[in-house]
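Participant: Chains as they are written, first to last, in the working numbering: chain V, 1 to 637; chain A, 1001 to 1256.
In case anyone wonders, no lab produced these hints; they're calculated from the structure. All of these numbers come straight from a predicted model, not from anything done at the bench. One thing to keep in mind: the hints can contain errors.
Below are the EDC-like pairs computed for lysine to aspartate or glutamate, each with C-alpha atoms no more than 16 Å apart in a straight line [to be verified]:
#, chain 1, residue 1, chain 2, residue 2
1, V, 495, A, 1041
2, V, 528, V, 511
3, V, 637, V, 577
4, V, 493, A, 1020
5, A, 1011, V, 511
6, V, 253, V, 198
7, V, 200, V, 469
8, A, 1011, V, 545
9, A, 1146, V, 372
10, V, 299, V, 371
11, V, 495, A, 1049
12, V, 495, A, 1099
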Amino acid sequence: MELDAKIPSGPIEKKWDKAKFDYKLVNPANKRKYSVIVVGTGLAGGSAAATLGELGYNVKAFCFQDSPRRAHSIAAQGGINAAKNYQNDGDSVYRLFYDTVKGGDYRAREANVYRLAQLSVNIIDQCVAQGVPFAREYGGLLANRSFGGAQVSRTFYARGQTGQQLLLGCYQQLERQIDAGRVQMYPRTEMLDVIVIDGKARGIVVRDLISGAISSHLADAVILATGGYGNVFYLSTNAKGSNVTASWRAHKKGALFANPCFTQIHPTCIPVSGEYQSKLTLMSESLRNDGRIWVPVKKGDKRPASQIPEAERDYYLERRYPSFGNLVPRDVASRAAKAACDEGRGVGETGLGVYLDFADSIKRLGKKTIEERYGNLFEMYDRITGEDPYSVPMRIFPAIHYTMGGLWVDYNLQSTIPGLFVLGEANFSDHGANRLGASALMQGLADGYFVIPYTLGNYLASAKLDKVEATHQEVKRSEQCTNEQVKRLLGIKGKRTVDSFHRELGKLMWEYCGMARNAKGLKFAGAKIAELEQEFWQNVNVVGDGGELNQSLEKAGRVADFFELGKLMCHDALVREESCGGHFREEYQTPEGEALRRDDEFAYVSAWGYRGAGNQPELNKEPLSFEYVHLAQRSYK
Amino acid sequence: MKLTLHVWRQKNAASQGKMERYEVEANEHMSFLEMLDVLNEELIGKGQEPVAFDHDCREGICGSCGFVINGVAHGPMPGTTVCQLHMRHFKAGDELYLEPWRASAFPVVKDLVVDRGAFDRIIASGGYISASTGSAPDANAVPIPKKYADLSMDAAQCIGCGACVAACPNASASLFTSAKISHLGVLPQGEPERRERALRMVATATAEGFGNCTNIGECEAVCPKGIRLEFIARMNRDYIQASWLQRQESSAGGVG
């Protein structure tokens, strides 16, 4: 398939202005004649639904949670980047753009990233106007902190709950539109298929999670903002309900899936404590501003941290990367932690952990300042581990956190199915092979508040959309397929629980398609997943029935899709014979053990097409060109 | 450690529920919900339906989870949602009674799952600042004294879990409602709609079937986010002031 990213012509700083002028407009009186479906109510979906409602479109919004306020954006802790340069420390739109392309290890599309950096400043204005209580200085002006991968302080934050406050801001705008009758909200409703008619996305099939009823909703366009797929690893920092189902079903209906192997491992999570573990908890990266990461110099040193003298500690990030120190990007910090543990220098009972130590900062700034900055994170750590990080260093270990890959979209955020738009983490476009901290919130809100309102209008004004009836055969066929899958899952009545399969899949993914990958392991994992998937369809036990709230059934449908995605991820990781960002192939590294990119052969986006169960996916390539940020080996030394 | 659980089982909103007794083997590192996961895996193994409970982030921030453990919303640890409650706070042989939030405004959906849609409707009736996308001035245009920004943030931390309602003998949503009224009301951006907001949100809470506040303070005691009673005082002040100052809005709009 020929992939047209539809990047506007002209110099990079004028592209978005040009696009906005070139886009066709829908006049205010006509907007109410169009209907739009938004799936997912996190930062991207919530902001899109609210803004499209404000503009006058008829919006239907869907989420599987009991309220749109609970989407997983709420758990983001550290902050949101914006090129405001309020600190007078040399920031600019261009620098944020540059840092993001470089941080993404040169696998993102320049034009999209530039637009993101431009819009970052509007986001902060918008959020403040909505009443988001960002941290402030005593003079009443906004405060900033620094974050990994940047040498300026451009991160805005609301204690350690920035995602919560931003999401509540957009949730409140969404509720305002619901009250005004412009958005109809469907909570506890899961999307299970996209309806494609005459090549265009015209609706979705959903299951009401309380009654079990399967029904269709039709519209002129469909927007997916359904988040990432980190839960394919079972253990991740994602919410338990986060899943790939909406994206995956769209993929099976023709939307290409881009760079699935680009997954982000977050360096600072609380280590795993046992087999029953159900999820991993992140400790915000902002902690690296004031915490120092170290392990003992000696292997197998089991002394408590307080008894290890300064000279026998290895502050390995400060040693290896003197200019960025503890603030290197996430992929670099994660691999360095893994290397230290692989050498036998890990700490804690399992040996899979490194220290994040605040003793020096507490000495320098006082306990009160540290408490103001990170109080809630310290409390959370204490609650989970039973240890007080004010007196003993935190133990942290990398965990799956974010997925840079996702449905392929063009500059207008439209997938390869016309009328199907994809926003936020669910798309692939802005973070390349590695996302910088505090940039996910920025992208979600940029897409929802400031990009889709323009690009959707252009689509609606240019597309010829015939009226679609609920009796259309495609609608019936999609509903029927969905019904059949539910029946099939309930009918297997095997011996194993859904979670036991999910856990096993997760272990395979983490072992062979996690922080470090190699060809042999990826081939092995691909075959193993196929076997496990086969067993799943013969031996899973989903109790209860389809006509009621059935949490096992919900999980079973999602895990079924994770199997298919897992195979594609391994395949993508196998074919990408280079290391870049979060994708580290052991065969491709520099003599110092850093990622070795192979730009001549792999400076492209892998956009995979679905060719039916059991068939090899089809690889489509979108070449990436770097006109502004010149390709270079990343260095944080 | 072996525990005895008595869990509220109710097939759906229409059916009668009752307590069922289970025994479960837990260990001290587990979270409370992981202990329930273990129970559910066992139940499924026996072909029985697992206990339904709401949960999502398991980090204490999404507000999905919550039920009553031995009469206390979110269980025995102060400032902690059930997903963050760990089993090291329990001991072998403990007998625990798990029940859903009880309030007529929160009908039971199934087992420990309740319908908290009323909270969304309270927010929809004014829990926002009307700031349409695109119309915002520069973020630093209006300085906000740190103490007000901090106070606003204290109130804004509410996760909407509903524990305050479950703990209140009147099933009042005052702590929840007042947290939003205070979050927005102490900021200059929230000032234009401050009175109207208080009037509408309080009216909606009443219409949804939540009771009045009689200053008992159970809500503050169980709130996992430390939302303070003083916000209820703030809400009452805004509400009373708004009721006094309420006057017919002029129907003459701007020119044009």
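Participant: Does each hint fit the structure? Answer for all of them.
Facilitator: Hints, verified against the model:
1. Pair hint residue 495 of chain V plus residue 1041 of chain A holds up; C-alpha atoms about 11 Å apart against a cutoff of 16 Å.
2. Restraint check for residue 528 of chain V and residue 511 of chain V: the C-alpha separation of about 12 Å stays at or below 16 Å, so the hint holds.
3. Using a Cα cut-off of 16 Å, the hinted pair residue 637 of chain V and residue 577 of chain V is violated, with the two alpha carbons roughly 25 Å apart.
4. Proposed proximity of residue 493 of chain V and residue 1020 of chain A is contradicted: the alpha carbons are some 24 Å apart, above 16 Å.
5. Only pairs whose Cα atoms come within 16 Å are accepted, and residue 1011 of chain A paired with residue 511 of chain V is rejected, the gap being roughly 40 Å.
6. Taking the CA atoms of residue 253 of chain V and residue 198 of chain V, the gap is near 12 Å; set against the 16 Å cutoff, the hint holds.
7. Straight-line distance between C-alpha atoms of residue 200 of chain V and residue 469 of chain V comes to about 14 Å, which keeps the hinted pair within the 16 Å bound.
8. Using a Cα cut-off of 16 Å, the hinted pair residue 1011 of chain A and residue 545 of chain V holds, with the two alpha carbons roughly 12 Å apart.
9. Proximity of residue 1146 of chain A to residue 372 of chain V is assessed by CA-CA distance (about 13 Å); at most 16 Å being required, the pair is judged to hold.
10. Among the hinted pairs, residue 299 of chain V with residue 371 of chain V is inconsistent with the structure: their alpha-carbon atoms are about 33 Å apart, more than 16 Å.
11. The straight-line distance between the Cα atoms of residue 495 of chain V and residue 1049 of chain A is roughly 14 Å, inside the 16 Å bound, and the hint therefore holds.
12. With a C-alpha separation of about 30 Å, the suggested pair residue 495 of chain V and residue 1099 of chain A falls outside the 16 Å cut-off, and the hint is violated.
Hints 3, 4, 5, 10 and 12 from the list above are not met by this structure, while the remaining hints are.
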